[in-house]
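A.B. asks: Listed below are the residues making up each chain.
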Amino acid sequence: MTSADRGSGLAIETRGLTKRFGHQLAVNSIDLAVPQGSVFGFLGPNGSGKTTTIRMMLGLASASAGSVRVLGLEMPRRIDEVLPRVGALVEGPAFYPFLSGAANLHRFDAADRHSVPATRRARVAEALDRVGLSHAARKKVRAYSLGMKQRLGIANALLSRRELLVLDEPTNGLDPQGTREVRSLVRSLAADGATVFVSSHLLAEVEQICTHAAIMSAGRLVAQGPLPELRQAGSAQLRLLTPDAGAASDVLVRFGMAPVVGHPVAGHPDGNGAVITATFPDGDGPADDSGVAAGTVTPRPVTPGTVPPGRVTPEAIVAALVADGVRVRGFTVERGSLEERFVALTGEGFDVAQ
Amino acid sequence: MSRSDGSGNVAGEARRPPSSASLLGSEMKLLFRRRRTQALLLALAAIPVMIAVVVRLSSSVPAGRGPAFLDRITQNGLFVGVTALIVAVPLFLPLTIGVVAGDTIAGEAGHGTLRYILVAPAGRVRLLLVKYIGAIAFCIAAPLAVALAGAGIGAALFPIGPVALLSGDVVEPGEALVRMLLIAAYQTVSLLGLSAIGLFLSTLTDVPVGAMAATIVLSVASQVLDQLPQLEWLHPWLFSHYWFGFADLLRQPIGWESFTDNAMLQAGYIAVFGALAYGRFVSKDVLS
Chain V
86 MTSADRGSGL AIETRGLTKR FGHQLAVNSI DLAVPQGSVF GFLGPNGSGK TTTIRMMLGL
146 ASASAGSVRV LGLEMPRRID EVLPRVGALV EGPAFYPFLS GAANLHRFDA ADRHSVPATR
206 RARVAEALDR VGLSHAARKK VRAYSLGMKQ RLGIANALLS RRELLVLDEP TNGLDPQGTR
266 EVRSLVRSLA ADGATVFVSS HLLAEVEQIC THAAIMSAGR LVAQGPLPEL RQAGSAQLRL
326 LTPDAGAASD VLVRFGMAPV VGHPVAGHPD GNGAVITATF PDGDGPADDS GVAAGTVTPR
386 PVTPGTVPPG RVTPEAIVAA LVADGVRVRG FTVERGSLEE RFVALTGEGF DVAQ
Chain E
1378 MSRSDGSGNV AGEARRPPSS ASLLGSEMKL LFRRRRTQAL LLALAAIPVM IAVVVRLSSS
1438 VPAGRGPAFL DRITQNGLFV GVTALIVAVP LFLPLTIGVV AGDTIAGEAG HGTLRYILVA
1498 PAGRVRLLLV KYIGAIAFCI AAPLAVALAG AGIGAALFPI GPVALLSGDV VEPGEALVRM
1558 LLIAAYQTVS LLGLSAIGLF LSTLTDVPVG AMAATIVLSV ASQVLDQLPQ LEWLHPWLFS
1618 HYWFGFADLL RQPIGWESFT DNAMLQAGYI AVFGALAYGR FVSKDVLS
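Order-wise, the sequence lines are chains V and E.
Residue numbering for the first sequence is 86 to 439, as defined by my numbering.
Residue numbering for the second sequence is 1378 to 1665, as defined by my numbering.
This is chain E alone, in the form it adopts within the complex (with noise of 0.2 Å):
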């Protein structure tokens, strides 16, 4: 067939300029009007609602036993946000996260709307952005849900007060709500690594479960890792590494050196993981 090259071939056809915006909006409103994402930020939210009311209802708490703050907060409610995020680190927020990211890419390929998003055309690269940055808003949701559930019931059960802060500096209330969202925002960037995994482990399969269940099973392996003394040459790659690091942002003045040096681990793992998606994604065969 001789054709001069097509450019300009979208004969007559008003089309606008290519947008993501689209694509974005509707990633967004697939992921958080779904029940399940709505679930799994419920179950979340109920974690500082259980700590609360078993402290409430318990006559005292003895000091120095159970989850780091857990006496503090019957003078002061605003431990239980506080309390509840470092509960949730070790499991709770990578399951979440885990099943999230696990289902961008093979959640739609197990539905088998993968082929129909790619020959709207959504493109493939841009699908695979648009699937992180749900994930990346995912990892803001969960942490968020925790503090402010916790904040919430916090306020309904317990006196709020004045907050002494780890350095014996004491903060308004209104000043501790914001360090409280600070460690929350800690956590949105210490599961950006874990997303970026379980986004490339995404790609990998058609179907969903392997890939939430392998990008969990990821992050409590890299947390025993992290335990193990043998490997301390090992621990500052781990993803898991810093997640407990946020006690500098409990301080007076704020300590950011383990923030940054979270921030810089996690981009590293986003940046390698994020290239091998996308070497699987865009050279994959789409069969599903």
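Chain V on its own, in the form it takes in the complex (with noise of 0.2 Å):
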């Protein structure tokens, strides 16, 4: 690989990747594109295929059908090119509980048949204090925290450097320092130029460090794109505070709008009146000029004449809600957040996808 292609090809594809157990579809026919250089947070509820999709990526198993190739070679086929290359945290962290961290990290370093023993110690002690285990380096791991054991294995992902990262729920039972110190650890790596593949349940954690994201849902790939697209992707919610709610509600339907009145704003003597909320038409939102999401939007409007033709636009509404004589205390107009777009995408609640 050179460095030219390096910036435009995929470090992990796969094309309607399939695996079947049994009856049941694990994984639905996904088309994963993670571009090389990423920080690629993959999304989605317990039980949604993710870490059946990681283990066919790193040829664990075998796929049902379809294909995968990482950095740009087939898998299984090119196994042994391309695991060199690549560092992975699967499922979570394992280890012989009778050995020393460093002795365990000896053992998986001493099963690549391409690293060199005669900066295995130096790389063992380096990963160890890569993610501050320096001072554990001799304990048993049985002795370890499920904390530590977690470093420990984000340690062996470190080893040797590598182009692509596979890390399965990385801060799993980390504390907050933890936490914070994998996020920062992730940067680094994609500073290094590596490729970090994220799988989590945590959206904040991959909202704050991933430049892409896909989610999946119930086996299938339900979205994936650059994180600020994915955002885009969710409708916005309008908010008005006004006392007037019975005439901004008028205006609202005017412009296609399901308005919900809320109740009046509690702790205001002065009566600042009722919240108003009500889904920003068809996904297209203030902040996309481009047109990207939907295109532009013809409201249906209710009485012909005092809606403007054409997209609606934050400000058109304002107008007309103050033409109206509606007194606007408040208005804003939010993009949800991922959280919301992976709640719209995978459903809410705690059952586990069959």
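One or more hints might be untrue.
[Stated by the list, open to error] Not close to chain E: a few residues of chain V, all C-beta gaps over 10 Å, as computed: (1) G101; (2) E211; (3) A222; (4) R223; (5) L259; (6) G263; (7) A289; (8) T296; (9) G331.
[What the hints assert, rightly or not] Below, simulated DSBU-like cross-link-like pairs (lysine-lysine); rule was C-alpha separation at most 30 Å, straight line: (10) E:K1661 to E:K1406; (11) V:K225 to E:K1406; (12) V:K224 to E:K1661.
It is worth saying that the hints were derived from the structure and are not from the lab.
These figures come from a predicted structure and were not determined experimentally.
Glycine included, each C-beta is placed from N, C-alpha and C at the ideal position.
Once you've looked at the hints, go ahead and assemble the two chains, each given alone in its own frame, into the complex.
C.D. replies: Here you go:
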């Protein structure tokens, strides 16, 4: 691989990747595209097929259908060329409990037939240092806490210089300090030019460190792309604060919205009135002038003539509200967070995908 | 994605040519530094010690009762090792080999370390080979532990002198020691087939205890079948059939016939169960 196609290529690419366990489709024909150099968040609820996908990417499990290319090479056919360039944390850390942390890393490094024995000791020490485990290097893993094992698992992925890091739930079991450290570690790895593929169910984490993301639900890939685009794809919410709830609702209905009048705002003695919320029409948003998401929108006017033609803009709504004598005391249009988008795509609640 | 197929993709990184020495060394360290392995070997070494102490403390051993050569021990300490090796054949040795061979792959799967070994990447065939070599090393160590502990305790508690062989010839103690080591080697060979079976069973499960128990049960079953006269046609094919066939090593000159028969039979078991283990493990989904 030359540095020229490094920027343009895909670090991971799956086509119609499918995994069937008996009659159950664990992964259902997914087309994943992870750009080189990205920090890619792989999101999904428990049981949505994330880890199974990762296992197929790493050649641990075979695909029922479809193909995987990692670092441009077909897997699992080119596994011996691909895996030495990949560091991985798969479904939580796993170690020999009767060996020390350092001895475990020595063992895994020795398993890589391309690793250099002469530098092993130094590389193990460096990896341990990088995750803050130097003081516990000689301790048996049996005596490690979950967070320490997690750190050791990440250290294992960092034993050699890697072009791709696959980290499955890297902050699982870590305290806030450890979570912050992992975040900065991921950033520094990305800064070194590595592609980092992070699977997680923690959205806040993905929002903070990722440049791209994909969302899995019940074995299907329901969304993927650069993070800003994913957020954009969600519909915007309009929030209006006014004492004239009735008149305001009429105006919003003219714009084709379905306003919901909330309770009066508490703690305002002068009576700011009610909060009215509504979904901004058709996912076309205020910050989105390029029309990427949905093109232009023609609202369904209830009273023709009072709604400006063309696309709805926030300022047009405010103008219409003011024109109708509505006392606008607060007005915001907000893009949905990734979390809202996630819940919209994968459903709410604790039901593990079947 | 268009890309000229990535040969020479390990750009700029100084990687040495692939070598299996590291993994093999690591496997040996893992096996023999593990408390459990050491306990197994100690338990085996305790057999001759137990025999020697009991014989030393008792006034006389009635001739012709108990394990072979038991009555000869008081006259010559070298018989401790031989007696212990015979005692260990039907159960103790298969038991320890069952534990080690059954643990090979299933033990890694049980710890979850199998996936990390494989993404390192170790290579599945290479890992299987290294695991089997580890089991062979234990097959060498186990009878050796019995023989050496026997020689040691025998020399400590009893007189050592020239030994009369089964053929009537008398050999010096040094030569007798060599014969005892030959018996240990014979038993190493005897256990290779069982190890291959254990390796295969170990690829079938993520629960090491299951593979261990199954291996041990098979070794007992094979010996039971070998006792049934109705199944005489089957006897030469049972992997335990030649387990006691080392008497020819105690004659002058040494008869190698049963040694080679045994080796051929074990080689057959290695080929069959090695192939089965390969077929299973190479295509296995590692989900542990």
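A.B. asks: Compare the structure with the hints numbered earlier in the document and write down the numbers of the violated ones, lowest to highest.
C.D. replies: Checked against the structure, the only hint that fails is number 12, while the rest are satisfied.
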